[in-house]
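Peer 1: Counting from 1, position 15 in the sequence shown corresponds to residue 15 in the working numbering; the numbering is continuous, with no gaps.
Straight line, CA to CA, 30 angstroms or less: simulated BS3-like cross-link-like pairs of lysine-lysine:
| # | residue 1 | residue 2 |
| --- | --- | --- |
| 1 | Lys93 | Lys166 |
| 2 | Lys82 | Lys93 |
| 3 | Lys163 | Lys93 |
Here are the simulated distance ranges between beta carbons:
| # | residue 1 | residue 2 | range |
| --- | --- | --- | --- |
| 4 | Ile258 | Leu157 | 24 to 30 angstroms |
| 5 | Val296 | Thr235 | 32 to 38 angstroms |
| 6 | Trp44 | Arg168 | 33 to 39 angstroms |
| 7 | Leu225 | Ile258 | 33 to 39 angstroms |
| 8 | Leu94 | Arg21 | 19 to 25 angstroms |
If you are wondering where the hints come from, they were derived from the structure by calculation, not from laboratory data. Only a predicted model underlies this, so the values are computations on that prediction, with no experimental measurement involved. All C-beta atoms, glycine included, are put in the ideal place defined by N, C-alpha and C.
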Amino acid sequence: METTTSFTENKGHCVYKGYERYFLPALYSLFFVVGFIGNALVVWVITVGAQLKSTSDVCLLNLALADILLVLSLPFRAYQMKHGWIFGEVMCKLVYGIYFVGFYGSIFFIVLMSIDRYLAIVHAVLALRVRTRVCGIVSSLVIWVLAVAASFPELLLIRVRVKKYKKRCTASHYRWGMFIVSIFKRNIVGLLVPLIILGFCYSMILRKLHSSHSSKKHSICLIILVMVVFFCCWTPFNIALLLRCLVFMDGIPGECEIRNRIYLTRNTTEAVVFLHSCLNPFIYVFVGEKFRKHFVRLIRARLPMCQKRITALKHRQYSNKIGLI
1 METTTSFTEN KGHCVYKGYE RYFLPALYSL FFVVGFIGNA LVVWVITVGA
51 QLKSTSDVCL LNLALADILL VLSLPFRAYQ MKHGWIFGEV MCKLVYGIYF
101 VGFYGSIFFI VLMSIDRYLA IVHAVLALRV RTRVCGIVSS LVIWVLAVAA
151 SFPELLLIRV RVKKYKKRCT ASHYRWGMFI VSIFKRNIVG LLVPLIILGF
201 CYSMILRKLH SSHSSKKHSI CLIILVMVVF FCCWTPFNIA LLLRCLVFMD
251 GIPGECEIRN RIYLTRNTTE AVVFLHSCLN PFIYVFVGEK FRKHFVRLIR
301 ARLPMCQKRI TALKHRQYSN KIGLI
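Make a model of the complete structure from these sequences and hints.
Peer 2: The following block contains the structure:
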């Protein structure tokens with residue numbers, strides 16, 4: 001008996017049909033364009049304009065690189081949703097490998113930036129010694145190593161499988177132990193621990209700002225924005241992962257409609273994670289006065305060069321036209 005949901009009963013089994021493939025590819029394409037351009041601008045401004053003068057610059061640069069890794073998988077995921085995987089086993093491992101590394105790298109660099117801000121505001125004297133470019137580079141290397149380590153066991157499970165007569169690149173697995181460990185690891189390492197660290201750091205920063213006499217309204221609003229956006233973008237996906245784990249363990253009784261909603265929620269909330277990578281440049285960088293100054297200065301420096309090139313191109317085109325006549 002067929003239901004109106006994306007699961008159907010087929011010989012006693014629940015078969016997932018995945019209606020999100022009708023809207024997520026377009027959304028993923030949009031997130032790829034916005035996320036790639038925004039984070040590429042951050043990389044450009046920091047490497048050319050700011051030139052890695054502080055720990056904050058190093059953290060922002062690496063956060064942008066992690067987000068670029070994350071969004072680079074989006075065109076492939078969008079195509080796979082509509083047509084299946086046609087890019088081969090090597091590209092499957094590469095695309096989903098950088099997705100997992102970018103996934104954890106983005107979270108870990110947000111945590112590192114919160115610790116950096118905590119030291120700069122709450123422990124200003126200590127920050128003078130530790131908030132150097134060298135410390136920032138060393139910390140970033142450690143974060144990348146942790147991001148790769150946190151990507152296991154998923155990195156070992158990435159492969160092309162045939163599902164419903166279509167090839168799919170996936171990191172799914174069917175052994176209970178590895179599946180449960182993977183889900184709980186994502187929730188603990190990817191949400192719970194980062195939220196605890198962010199909550200501690202920013203609560204201490206808010207307390208320090210509240211007791212100071214300096215202008216603090218903008219800083220407080222930015223801190224609240226960082227916490228709210230992080231919580232709203234990452235929590236739904238991790239809750240959906242836990243619910244999917246319960247489905248796998250048959251911990252949720254078996255109506256197809258219920259399983260449909262859980263799987264659809266999991267796939268849809270993952271798109272919100274990618275949205276966070278698009279928002280990071282605006283939250284952490286474009287709202288900062290120093291970054292805006294560097295960005296405007298670089299644009300003004302490049303405009304005369306662009307105008308000269310456009311003028312030269314027009315003159316060449318005009319000369320060719322006259323020559324043809």
